[in-house]
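K.L.:
What follows is the residue order along each chain.
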Amino acid sequence: MKNKIMTAEEAIAGIKDGSSIMVGGFMACGTPEILIDALVEKGAKDLTIICNDAGVPGRGVGKLITSGQVKTLIASHVGLNPEVAQRMNTEDPREKLECILVPQGTLAERIRAYGAGLGGFLTPTGVGTIVAEGKQVINAGGKDYLLEEPLKADFALLRGSVTDKFGNTTYNGTTRTFNPMMATAADYVIVGACEIVEIGDIDPNNVVTSGIFVDAIVGGEKPWQI
Amino acid sequence: MKNKIMTAEEAIAGIKDGSSIMVGGFMACGTPEILIDALVEKGAKDLTIICNDAGVPGRGVGKLITSGQVKTLIASHVGLNPEVAQRMNTEDPREKLECILVPQGTLAERIRAYGAGLGGFLTPTGVGTIVAEGKQVINAGGKDYLLEEPLKADFALLRGSVTDKFGNTTYNGTTRTFNPMMATAADYVIVGACEIVEIGDIDPNNVVTSGIFVDAIVGGEKPWQI
Amino acid sequence: MADLKARIATRVAKELKDGDVVNLGIGLPTKVANYLPGDVHIILQSENGIMGMGPAAEEGKEDVDIINAGAQYVTINIGAMYFDSATSFGIIRGGHVDATVLGALQVDKHGNLANWIVPGKMVSGMGGAMDLVVGAKKVIISMLHTQKGAHKILDECTLPYTAIKVVDMIVTEMGVMEVTDEGIVLKELHPDFTLDEIKEATGCRLIISPDLKPMED
Amino acid sequence: MADLKARIATRVAKELKDGDVVNLGIGLPTKVANYLPGDVHIILQSENGIMGMGPAAEEGKEDVDIINAGAQYVTINIGAMYFDSATSFGIIRGGHVDATVLGALQVDKHGNLANWIVPGKMVSGMGGAMDLVVGAKKVIISMLHTQKGAHKILDECTLPYTAIKVVDMIVTEMGVMEVTDEGIVLKELHPDFTLDEIKEATGCRLIISPDLKPMED
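First to last, the sequence lines map onto chains A, B, C and D.
Start counting the first sequence at 1; every next residue gets the next number (the working numbering).
Start counting the second sequence at 1; every next residue gets the next number (the working numbering).
Start counting the third sequence at 1; every next residue gets the next number (the working numbering).
Start counting the fourth sequence at 1; every next residue gets the next number (the working numbering).
These are computed hints drawn from the structure, not numbers from a lab.
No residue lacks a Cβ here, since even glycine has one placed at the ideal position from N, Cα and C.
Just so you know, nobody snuck in bad clues.
List time: in silico DSS-like cross-link candidates among lysine-lysine, alpha-carbon distance up to 27 Å:
{"no.": "1", "chain 1": "B", "residue 1": "K143", "chain 2": "A", "residue 2": "K135"}
{"no.": "2", "chain 1": "C", "residue 1": "K14", "chain 2": "B", "residue 2": "K4"}
{"no.": "3", "chain 1": "A", "residue 1": "K96", "chain 2": "A", "residue 2": "K45"}
{"no.": "4", "chain 1": "D", "residue 1": "K137", "chain 2": "A", "residue 2": "K4"}
{"no.": "5", "chain 1": "B", "residue 1": "K135", "chain 2": "D", "residue 2": "K137"}
{"no.": "6", "chain 1": "D", "residue 1": "K121", "chain 2": "B", "residue 2": "K96"}
{"no.": "7", "chain 1": "D", "residue 1": "K137", "chain 2": "B", "residue 2": "K143"}
{"no.": "8", "chain 1": "B", "residue 1": "K4", "chain 2": "C", "residue 2": "K17"}
{"no.": "9", "chain 1": "A", "residue 1": "K96", "chain 2": "A", "residue 2": "K135"}
Take a look, some chain C residues computed to stay more than 12 Å from chain A by CB distance:
{"no.": "10", "residue": "T146"}
{"no.": "11", "residue": "D168"}
{"no.": "12", "residue": "K199"}
{"no.": "13", "residue": "R205"}
{"no.": "14", "residue": "P214"}
{"no.": "15", "residue": "E216"}
Given only the sequences and the hints, what does the whole structure look like? Please build it.
P.N.:
In structure tokens:
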């Protein structure tokens with residue numbers, strides 16, 4: 001079997017200027033900080049980041065906002081990171097951040113849809129709002145729905161609580177969030193793991209993400225220090 | 001908290017002639033036999049049964065086929081139960097079974113869609129086949145998809161491996177199948193449980209079906225004897 | 001102000017029934033959990049992946065892997081479970097949440113809600129709000145009746161909608177209102193205010209319920 | 001006959017690469033797993049909810065909670081996992097299965113497949129076949145070249161389709177064929193047969209590959 005365990009630097013080697021990257025977690029709980037740190041170190045620019053939110057300055061996706069590496073952010077909420085508004089409103093084109101806001105449930109479902117080979121889905125969320133602009137409205141069973149499209153990325157950076165050497169992964173507590181769907185919707189999937197165990201150590205009934213989705217495993221992810 | 005534990009007879013008391021019922025499992029692995037038995041005993045007729053398959057004679061949904069209680073069967077595969085073909089082809093209207101065949105992935109996804117409040121989804125499965133008859137074909141991203149509708153039922157009969165008294169449930173091995181989606185897509189959900197434990201005995205990371213979906217818990221479900 | 005918020009939270013709490021699955025928004029709505037009658041136990045859903053959320057974690061005892069949707073460290077109750085965001089919003093959109101309590105920038109007589117964006121000013125994002133108000137069986141808006149004197153309950157929202165025709169009930173420090181096909185019906189008026197005062201503080205016609213009651217603290 | 005099926009399974013096995021995620025249909029396709037070269041380890045997906053399925057369970061050692069999609073008691077390999085049917089078909093439709101091997105009633109030169117229904121005769125249902133052939137990266141049909149002398153490889157299927165334009169490769173006891181935009185290309189011919197024999201057993205024109213090879217047992 002192919003060895004998937006590598007350093008953060010090796011794991012993100014394929015990320016280039018302009019890459020699209022899904023990042024797991026919710027307000028950085030469930031975000032792989034070691035992979036974010038390596039990406040800041042690498043300095044790839046003009047990234048499209050897909051994440052529930054913008055983290056906070058100094059944590060999670062917030063680090064990539066601060067470093068100016070993000071060109072486009074697709075997220076559901078950016079209010080807890082004031083830097084996002086600053087960069088959205090700047091006149092300096094090199095600093096300019098485009099922010100595409102998507103309802104949280106729609107974002108999760110769009111990522112799932114890509115991973116599950118669906119061409120889209122009908123959601124009642126956003127009907128009659130600016131979220132509906134440019135989207136097809138389809139009436140089904142007497143109710144209006146928006147047709148939402150699947151969403152994919154070149155890379156996914158996930159945080160696993162326990163990962164075996166094949167990549168089978170579990171997530172503790174509320175670190176699960178977007179990680180399982182993102183594992184299915186990116187070309188190259190990297191897990192920053194808090195704990196790496198032998199294959200077979202995780203009960204087959206409790207694995208959340210199958211190792212077939214995982215291309216690289218990076219150990220050493222640590223719980224956030226309060 | 002409301003007591004959800006009851007006898008099979010009490011749990012299925014609401015099922016009437018003409019009710020629609022989802023039944024979990026795959027070739028009866030993951031089907032709650034104690035609930036099926038109680039339903040045969042009760043004798044409600046003209047049922048619409050939604051299940052992956054028709055089981056085999058004497059097991060799972062097969063028992064309801066034999067007893068002649070099923071008017072309409074919505075399933076993906078009926079080939080291992082020869083009684084289905086007999087009843088589909090009979091001239092006797094009282095014995096006549098209508099069988100609606102749905103691709104397995106589409107069936108699972110339609111049930112999930114109802115439970116998740118989606119108005120439908122676009123699937124590539126069935127395009128260009130008789131499954132597409134009467135369905136809208138939508139082109140998205142240059143590819144044709146069928147628009148498939150959500151599917152619900154009045155009741156769901158599930159088989160839990162371990163269920164706590166609130167209804168939180170886990171499924172062992174390949175008994176999981178359609179059970180978790182059906183839990184979300186029926187008005188009244190009954191779990192036939194192999195083991196009932198105290199609330200809190202299941203690790204919150206490993207619960208598959210939340211107790212909020214479960215209306216009734218019936219103990220005493222046994223592993224199938226080979 | 002603190003008292004007014006307590007008053008609102010107390011009144012909202014009475015709308016919740018034992019066993020209800022409830023999602024509480026950040027801020028004032030979160031306080032509702034503190035005012036439940038002793039015999040009412042609700043199940044809190046947190047959209048970042050908890051069914052059965054408990055109180056905030058004690059300082060020094062936080063588990064960094066367990067936060068609520070407001071990014072605060074929380075605990076879970078016995079019988080809780082965790083899930084991913086697609087599952088979480090399946091629960092929300094699928095009508096499995098009995099009630100959601102949120103704040104609002106504006107509500108109008110059609111039950112339209114605006115609470116996520118002030119163009120050119122507040123860039124925050126809708127988070128899970130759009131899904132919650134569309135999916136929950138009952139949408140309760142808990143807020144101060146006006147914003148520094150400006151009307152928040154209107155004929156038509158002027159800010160971008162969070163969703164249309166979703167609000168069931170509005171609870172403010174002045175009273176309790178229900179949104180009906182005919183418009184907004186005042187069901188309870190707080191004794192601190194007169195009918196004229198609440199009418200003046202409201203930007204649309206208030207239908208006075210034939211059995212108007214006093215709102216209790 | 002047993003030898004012919006072994007021949008087909010042996011040849012299909014060579015198409016699978018180490019680490020591939022593979023779904024094998026019931027019957028002949030299931031045998032493919034027995035003919036893998038020693039250095040090739042594939043990961044078997046079973047659509048009823050297993051990633052990492054192992055061999056059939058030994059008699060007397062069956063776990064009644066673990067079956068394959070053919071309702072046989074099976075085992076799992078180390079590193080396996082279980083999942084529900086929506087997740088399973090997400091994996092299948094989402095292109096995460098590298099190859100699926102199935103039988104066919106008919107295949108045509110466009111890559112259309114018919115393998116689930118004979119109107120008025122066989123009522124069985126498509127099961128997971130429609131999703132599998134649409135979703136898997138590579139669709140390999142393994143079957144006997146003809147059905148009691150009747151053509152199965154045709155210009156156009158006459159039976160209802162399982163899916164259109166999905167078949168990549170056909171392996172029979174007579175040879176190995178690839179479906180291309182130009183039609184069906186014969187890549188390997190088994191030494192037991194002549195070109196004329198395979199052409200006669202085929203209901204559409206066979207394009208003979210310029211580097212036609214012998215099919216090995």
